Amino acid sequence: MTRSELLHRLIAAHPPRQDSLLPILHSIQDELGWVPPEATEPLARALNLSRAEVHGVISFYPHLRSVQPGRHVLQLCRAEACQARGSAALEAHVRARLGIGFHETSADGVISLEPVYCLGNCACGPSLRVGDEIVGRVDASRFDALLVALQEDLA
Amino acid sequence: MTVRVFVPADSSALAVGAGEVALAIAAQAAARGSAIELVRNGSRGLSWLEPLVEVATPAGRVAYGPVTVADVPGLLDAGFLAGADHPLALGLTDEIPYLKKQERLTFARVGVTDPLSLADYTAHGGFAGLRVALSLTPGEIVAAVTESGLRGRGGAAFPAGIKWQTVLAAAGDEKYVVCNADEGDSGTFSDRLLLEGDPFCLIEGMLIAGLAVGARKGYIYLRSEYPHAWKTLNAAILRAREAGLLGDDVLGSGRAFDIEARLGGGAYICGEETALLESIEGRRGQVRAKPPLPAIKGLFGKPTVINNLITLASVPIILARGAAFYRDYGMGRSRGTLPFQLAGNVLCGGLVEKAFGLTLDELLNDFGGGTASGRPIRAVQVGGPLGAYVPAQDFDLPLDYEAFAARGAMLGHGGLVVFDDTVDMGRMARFAMEFCAAESCGKCTPCRIGSTRGVEVIDRILAGEDHGTNLPLLEDLCTLMIDGSLCAMGGMTPYPVLSALKHFPADFGLADK
Chain V
0 MTRSELLHRL IAAHPPRQDS LLPILHSIQD ELGWVPPEAT EPLARALNLS
50 RAEVHGVISF YPHLRSVQPG RHVLQLCRAE ACQARGSAAL EAHVRARLGI
100 GFHETSADGV ISLEPVYCLG NCACGPSLRV GDEIVGRVDA SRFDALLVAL
150 QEDLA
Chain A
0 MTVRVFVPAD SSALAVGAGE VALAIAAQAA ARGSAIELVR NGSRGLSWLE
50 PLVEVATPAG RVAYGPVTVA DVPGLLDAGF LAGADHPLAL GLTDEIPYLK
100 KQERLTFARV GVTDPLSLAD YTAHGGFAGL RVALSLTPGE IVAAVTESGL
150 RGRGGAAFPA GIKWQTVLAA AGDEKYVVCN ADEGDSGTFS DRLLLEGDPF
200 CLIEGMLIAG LAVGARKGYI YLRSEYPHAW KTLNAAILRA REAGLLGDDV
250 LGSGRAFDIE ARLGGGAYIC GEETALLESI EGRRGQVRAK PPLPAIKGLF
300 GKPTVINNLI TLASVPIILA RGAAFYRDYG MGRSRGTLPF QLAGNVLCGG
350 LVEKAFGLTL DELLNDFGGG TASGRPIRAV QVGGPLGAYV PAQDFDLPLD
400 YEAFAARGAM LGHGGLVVFD DTVDMGRMAR FAMEFCAAES CGKCTPCRIG
450 STRGVEVIDR ILAGEDHGTN LPLLEDLCTL MIDGSLCAMG GMTPYPVLSA
500 LKHFPADFGL ADK
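Going down the list, the sequences are from chains V and A. Just so we're aligned: the first sequence equals residues 0 to 154 in numbering that gives the first Met the number 0. Just so we're aligned: the second sequence equals residues 0 to 512 in numbering that gives the first Met the number 0.
Mixed in with the good hints there might be a few duds.
[Stated by the list, open to error] A short list of chain A residues far from chain V (calculated; beta carbon distances all over 12 Å): (1) 12; (2) 123; (3) 139; (4) 170; (5) 186; (6) 190; (7) 265; (8) 280; (9) 341; (10) 350; (11) 466; (12) 481.
[What the hints assert, rightly or not] Label pairs and their computed distance ranges (CB to CB): (13) 374(A) <-> 143(V): 24 to 30 Å; (14) 30(A) <-> 132(V): 23 to 29 Å; (15) 92(V) <-> 462(A): 38 to 44 Å; (16) 81(A) <-> 95(V): 48 to 54 Å; (17) 132(V) <-> 116(A): 56 to 62 Å; (18) 508(A) <-> 36(V): 43 to 49 Å; (19) 67(A) <-> 87(V): 55 to 61 Å; (20) 368(A) <-> 143(V): 38 to 44 Å; (21) 368(A) <-> 1(V): 23 to 29 Å; (22) 29(A) <-> 92(V): 38 to 44 Å; (23) 458(A) <-> 92(V): 21 to 27 Å.
[Stated by the list, open to error] Here chain A is said to cover these stretches of chain V; the calculated rule only asks that three of the stretch's residues, wherever they fall, bring their Cβ under 8 Å from a Cβ of chain A: (24) 3–10; (25) 35–44; (26) 91–103; (27) 122–130.
Read the hints as simulated data drawn from the structure, not as lab findings. Being a predicted model, the structure only gives us computed values, none of them experimental. Glycine is no exception: its CB is placed at the ideal position from the N, C-alpha and C atoms.
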């Protein structure tokens with residue numbers, strides 16, 4: 000199936016109403032890992048919206064990506080409860096280890112780093128999320144082990 | 000004889016290895032020929048002991064924790080399937096002081112039952128409230144909620160009964176019940192714990208709300224940062240529908256009610272009720288001006304009950320046990336219980352459901368056991384990123400909405416983030432403004448622009464530049480944000496900033512007042 004066919008199939012799976020927009024965008028990102036620019040026009044047409052309205056929604060929600068990410072998206076919690084448990088030091092270690100900052104992808108295309116504000120694991124932080132898994136009590140050595148697993152695609 | 004073994008499938012437990020522990024127990028018990036039934040329960044809320052494994056014995060459930068994969072062979076050798084002693088043994092779960100001292104009303108089943116078993120739910124008192132509600136008129140249900148004294152658990156603490164009465168009295172055939180499960184505050188996880196541990200309780204609460212106000216459709220708006228809760232919630236809705244609890248004929252009553260779950264997009268502002276409604280409708284999550292109130296003109300322009308998840312999940316027990324039962328807990332105008340969440344640098348972090356009125360000190364020290372680092376507690380942020388930093392001299396405060404408000408703080412959703420004496424409060428104040436700048440919806444100027452200017456002026460103060468100009472400027476900016484913002488995002492971001500400045504001036508390069 001081409002990407003265009005996939006987009007049309009995902010759009011057609013929902014009722015053609017404005018309130019279907021976010022569920023459709025989620026389904027697109029679940030399939031592709033991001034929301035490619037060519038999704039905007041068919042979405043606007045199907046839901047009877049302007050392309051500006053669709054773009055406005057995509058760009059509003061931090062969860063939705065309009066740039067293709069690396070193979071694994073790693074979200075590091077920056078919120079207060081994780082800060083109280085040493086997340087600032089972890090963040091510095093992660094940046095140095097990956098050689099990238101937030102919203103960037105490692106040169107080998109394996110890891111994209113994103114900030115996240117709370118994963119609801121506030122008594123067991125510092126926390127991060129990879130795909131749909133939450134990892135808690137992360138320190139530098141636990142992160143390094145996780146990184147090796149991700150690079151070898153074991154995680 | 001088959002032994003029941005409980006290993007939580009809660010996010011916090013999974014985050015520290017509960018999935019691997021469950022696999023190891025299943026495989027190694029099978030290899031030894033021991034018959035076990037593995038139940039993936041929710042979390043008991045004793046987060047520092049996760050993964051917390053329990054074994055059912057004739058004397059009751061016995062707990063072990065925190066269990067790692069490496070501990071599993073030793074536990075089996077020691078006979079933990081019979082509840083035998085082991086260095087990780089914690090005794091009978093119900094006798095663990097942290098749990099025993101609690102008053103679990105809303106969280107009575109969380110961690111106890113299989114979250115997706117309707118049989119378990121019913122056997123532990125589930126649907127008793129719904130059955131009572133089905134025998135009452137809408138006005139009588141609303142009266143029970145009003146008399147219970149239940150107030151909104153999302154933070155604003157508005158009386159739930161009054162909100163429901165407004166929707167009941169509003170004209171219109173089409174009305175909605177919306178559950179706010181966009182639990183974005185750092186230091187809070189009670190919504191997630193309930194969703195992952197007892198989702199039918201929320202469904203029952205929403206059914207009762209639907210009967211009370213005459214709504215046939217409910218929406219649950221869950222944040223995208225909770226992937227495990229999303230799966231559990233959707234599975235629970237499906238099972239409730241199959242069992243005839245949701246649909247055209249709820250439990251054969253002839254009344255219709257169905258629920259749809261919607262996933263958010265990582266925007267903190269969507270926890271604000273009108274932004275949440277915009278988001279469900281398929282737009283950017285921008286705050287609406289009030290009035291009109293959502294109770295009059297809410298989702299799709301229709302009268303809407305929008306409540307926090309814990310508010311709705313507290314309704315079943317109120318109907319089942321009566322308004323007076325619930326109202327008898329608590330102090331002053333804060334009735335019932337609040338599930339407090341101990342988070343951050345705290346030794347015994349987790350969920351503590353208690354009646355309002357215990358002091359902050361009791362919660363932090365008697366339950367929390369002080370900091371995890373072993374250093375003194377310097378400050379506690381209560382009520383999320385928009386809540387004030389409370390210094391040690393205020394730990395005598397009783398946990399009560401009005402007592403907190405009187406000292407310029409707020410209880411909010413009941414989350415407490417503990418910091419030890421290494422915290423730099425100047426940096427935390429800066430972070431509050433930085434967070435607001437990142438998460439502002441952009442609708443009103445004081446919040447959108449004020450937060451960025453706030454970061455800049457705090458940077459100047461921290462760099463020691465012209466305090467005579469910059470301090471009054473920061474205070475003036477905070478006043479403007481409090482008075483001029485459309486919602487709590489811009490309107491309350493100054494609370495952590497001003498409280499940090501007031502109680503910890505040395506961290507801003509100022510002499511102690």
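Okay, which hints does this one fail, numbers in order?
1, 5, 6, 7, 8, 9, 10, 15, 17, 19, 20, 21, 24, 25, 26
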